[in-house]
Amino acid sequence: MKKQLKFNFNPFKEGLNQVMGTLERDIMEVLWNHGKSSVKDIVSALPQDRDSSYSTVITVTNRMAAKGLLKRKKVGKAYVYKSAYNREQFYEIVSKKVVEGVSAFSFQATVAYFVDYMSQLEPDKLEYFSRLIESKRKNKP
582 MKKQLKFNFN PFKEGLNQVM GTLERDIMEV LWNHGKSSVK DIVSALPQDR DSSYSTVITV
642 TNRMAAKGLL KRKKVGKAYV YKSAYNREQF YEIVSKKVVE GVSAFSFQAT VAYFVDYMSQ
702 LEPDKLEYFS RLIESKRKNK P
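So the sequence shown is numbered by my numbering: it starts at 582 and just counts up by one.
Accuracy of the hints is not assured; some may be wrong.
Lysine-lysine pairs mimicking PhoX-like chemistry, simulated, CA-CA at most 20 Å apart [what the hints assert, rightly or not]:
#1 Lys621 with Lys587
#2 Lys654 with Lys677
#3 Lys719 with Lys678
#4 Lys717 with Lys677
#5 Lys678 with Lys594
#6 Lys677 with Lys587
#7 Lys663 with Lys621
#8 Lys658 with Lys617
#9 Lys652 with Lys663
#10 Lys648 with Lys587
#11 Lys652 with Lys706
#12 Lys594 with Lys621
#13 Lys594 with Lys617
#14 Lys587 with Lys678
#15 Lys652 with Lys617
#16 Lys655 with Lys677
#17 Lys652 with Lys587
#18 Lys587 with Lys663
#19 Lys617 with Lys678
#20 Lys717 with Lys706
#21 Lys655 with Lys621
#22 Lys621 with Lys678
#23 Lys617 with Lys677
#24 Lys594 with Lys677
#25 Lys663 with Lys648
Simulated from the structure, these hints should not be mistaken for lab results.
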């Protein structure tokens, strides 16, 4: 059983920074792109403009493991880290938690805004949503 993923959502930030810090985001990108990595490998794969020390990355990766974002395994004297979720699984979990949280305020407003937003962004998606809703109706017990 996977550890419960912990994160806070900040709607005033962009992209992955809505649910994690910039170093956490960069570490996740490294692990999603490279798979299992030691802290040394993570530090060397971080963006060149990021000046993060080895000890800072150790601290952050340990915190990320405690949050359920990463798994770690001791290999020799060091730990090797990997993402607990692939990119799509992570996006799915975050999306679900955000929708559940926002829907608690007003389900109708949340759904209405989502449909309106998607129809403006990608009008052809309305047909997809319509088919999805219809399939859920048919499969309802």
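- Hints that the structure is at odds with (numbers, increasing): As far as the earlier hints go, 1, 2, 3, 11, 12, 13, 16, 19, 22, 23 are violated by this structure, in ascending order.
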